[in-house]
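Number of protein chains: 2
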Amino acid sequence: MKILKLTSESKTDLLNTLLKRSPNNYGQFESAVSDIVSNVRERGDEAIFEYTKRFDKCEIDASNVRVTKEEIEEAYQKVDEKLVNVMKRAADNIRIFHEKQLHNSWIDMKDDGTMLGQKITPIGLSGVYVPGGKAAYPSSVLMNVLPAKVASVKRIIMTTPPDADGKVYAGTLVAADIAGVDEIYKIGGAQAIAAMAFGTECVPKVDKITGPGNIYVALAKKACFGYVSIDSIAGPSEILVIADETANPLYVASDLLSQAEHDEMASAILITTSEALAKEVSVQADRLAEELSRTEIIKKSLDNYGYILLADTMEDAIDAANEIASEHLEILTANPYEIMTKINNAGAIFLGEYSSEPLGDYFAGPNHILPTNGTAKFFSPLNVDDFMKKTSIISYSKEALSKVHEDIELFAQSEGLTAHANSIKVRFEQ
Amino acid sequence: MKILKLTSESKTDLLNTLLKRSPNNYGQFESAVSDIVSNVRERGDEAIFEYTKRFDKCEIDASNVRVTKEEIEEAYQKVDEKLVNVMKRAADNIRIFHEKQLHNSWIDMKDDGTMLGQKITPIGLSGVYVPGGKAAYPSSVLMNVLPAKVASVKRIIMTTPPDADGKVYAGTLVAADIAGVDEIYKIGGAQAIAAMAFGTECVPKVDKITGPGNIYVALAKKACFGYVSIDSIAGPSEILVIADETANPLYVASDLLSQAEHDEMASAILITTSEALAKEVSVQADRLAEELSRTEIIKKSLDNYGYILLADTMEDAIDAANEIASEHLEILTANPYEIMTKINNAGAIFLGEYSSEPLGDYFAGPNHILPTNGTAKFFSPLNVDDFMKKTSIISYSKEALSKVHEDIELFAQSEGLTAHANSIKVRFEQ
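Chains as they are written, first to last, in UniProt numbering: chain A, 1 to 430; chain B, 1 to 430.
With the rest of the complex left out, here is chain A (with noise of 0.2 Å):
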């Protein structure tokens, strides 16, 4: 791995590379991605059918389209039982970090018979987009699902990509079957995201749509928002390392490999204040490149997104980081909570030699579908809020409202909104 100073120079020129894998750059792919949700939306089932049979090499129809029970039960029997069980550990795990995330609706009142507040409920229905294929990782399953199932959400639908033989990957159906998702579809690519934002004969159109997927999957989703809510528009994973000379270069440089190991654009960055540790990390990371099963894949994203920078102080180290606002920020130093509390951009920290970023990825509950690019700026880890709407609660009496309809009535008028001081107005007038 190369090693650099860090500079405001370098820092730049890291960060513009990093922007430059944004799903946001894609803006050619767009006018495929318009005319296949117009098709659907025009079309439903029709184009649905029509593009799997395209894309998918695959021929369903309303018939075969949803996945069966007798699908779900052949899926159990190809998936490893131990597995299956590590599966639940890891829901039950999710399930009671998301559940510390429920908020209650509430209510202030006052003396006069002022009543303010906010009620907060789950969505109606919520869709979930699964990659097929090599990219089908049934602990995203989890993580889409499960927030939505502790916020309380009622009709939790699933589409994923079918193979040329109708199936779908048995790990996908077990996964969605532990988290509880209530139907699949057999449906992939932007056609799967116009299906469920519009609805079709088949697929109820949903209120919101999560879950990664490639470049037509997040140019769909951002086409579709507005009709729907969706998600972030998620991009390559990344990883940050904030390191002093304390830390162990093995486990370093295994953490970054474990996010450069994603795909090619994946982004591994050490930032530390140790010459020595820069070093090692250095020498280690292209030794376990070599040994690992996905070399190749490490060794470009390495090559073009993997840096190890020296900082002077701690202090730039962290302020580079809060620039950088990566999705995994791991804290591997002499003090890490102190450090955590001066970061303010970044999904998820991690904190210690014993948090090591996968943990987050299957097992401590956290979500690991987690804002990246540099969005961790302004967007949140999926989360159960994203799954619930707040309403506005308003209730004033006589007398509350009396002692306040003038100043109403004033403001409405000097805005030229004659209507609404006239509503105030009447109340007082019989």
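Source of the hints: derived by calculation from the structure; they are not laboratory data.
C-beta atoms are modelled at their ideal positions from N, C-alpha and C, and glycine is treated no differently.
Certain hints may be false.
Derived pair list, reagent style DSSO-like, types lysine-lysine, alpha-carbon separation capped at 27 Å [to be verified]:
{"#": "1", "chain 1": "A", "residue 1": "K134", "chain 2": "A", "residue 2": "K57"}
{"#": "2", "chain 1": "B", "residue 1": "K300", "chain 2": "A", "residue 2": "K425"}
{"#": "3", "chain 1": "B", "residue 1": "K53", "chain 2": "A", "residue 2": "K88"}
{"#": "4", "chain 1": "A", "residue 1": "K134", "chain 2": "B", "residue 2": "K425"}
{"#": "5", "chain 1": "B", "residue 1": "K11", "chain 2": "A", "residue 2": "K119"}
{"#": "6", "chain 1": "A", "residue 1": "K425", "chain 2": "B", "residue 2": "K279"}
{"#": "7", "chain 1": "A", "residue 1": "K222", "chain 2": "B", "residue 2": "K222"}
{"#": "8", "chain 1": "B", "residue 1": "K100", "chain 2": "A", "residue 2": "K119"}
{"#": "9", "chain 1": "B", "residue 1": "K342", "chain 2": "A", "residue 2": "K119"}
Simulated restraints on C-beta separations [unchecked claim]:
{"#": "10", "chain 1": "B", "residue 1": "K398", "chain 2": "A", "residue 2": "E46", "range": "54 to 60 Å"}
{"#": "11", "chain 1": "A", "residue 1": "E99", "chain 2": "B", "residue 2": "T246", "range": "38 to 44 Å"}
{"#": "12", "chain 1": "A", "residue 1": "D163", "chain 2": "B", "residue 2": "D35", "range": "40 to 46 Å"}
{"#": "13", "chain 1": "A", "residue 1": "A276", "chain 2": "B", "residue 2": "I107", "range": "28 to 34 Å"}
Got chain A sorted already, so can you dock chain B onto it with the hints?
Then chain B, alone, in the frame of chain A:
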């Protein structure tokens, strides 16, 4: 106003009619907006100043694009002191209501050294768009800025178009000053949204853009979503009143008209179980439409999107209200609180005969920036959470990780992610 029977047909017709007003349906403006956005992204200030000359007939440059302290002082001279005080009282109420929405960061701890939680922090920089001309509403300035202020957002900027003389509406400046805006830029339209999304020489890049605007502004916000966070895409205003025979027809008619006056696309709907009330409201609404100042707008809005629906039962009325998911919902019945418990989808609920909708627009404290066009099924009123983001915290001890490391390794292996598995494994090999 027309009176119809509430049936599944009339409901479907109404829903389809209302949805036609969605800003999502104005694809024909998309390429114009996309040109403006890319031009500002590439050419920065130069592009902004050109568009301001073209669209606002106003020559601005780097020396005068920012509103000065003197201009704000002048604005105070132009606004009635009584109105300034009303704005301040409204601001206090808005601040108090939004302070009740603040959530603490939290952490959950276990004996074995596990610590899991959420760090909740404000975004760094928020940008508010304020329309110019007739659509400059000081109340909207307060509603957009104060939640960000309560969230402790460090820097809040505003953009608003200048008139041909390079001036900004005085009421906007006073409201911005009361709410605590840090900088105001004289830029409007899609070019202002692009400037805030990407930053230019003069305008800083923000993390989140909120605020209403015309179709160009709405589409520019959607185009920039992902580069920045945005609030929901606002459509025309809506009111739905559920009333029974106990409701005062003058109040109902006045409240319907208070939204109808917003613009010709605004929608005003009464659903009632009382035929007598339906008839009386229809008469009163038509009479008031003639008397109030914005007669032409009100008549067109009522003709196109005004409905009085006669329901067989209160249950039917409630079901329809949940399907329509109105921006504003008034409940004027003998038992408004009981009905409220059955309402899942609405931006804001106004209860009882002294909670007319303009109370919420101007004064009570809850936000008046609300989801429109059925999006209350999944979007929320603007609130403090919109200006905060979450970061997951994950900290395991050696003891805690050693109990589960084999589970994680197995799960990672099953997904073919060997570098993930390795990053856990190396911690238990030495």
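Kindly indicate which numbered hints from before are broken by the structure, ordering the numbers from low to high.
-> 3
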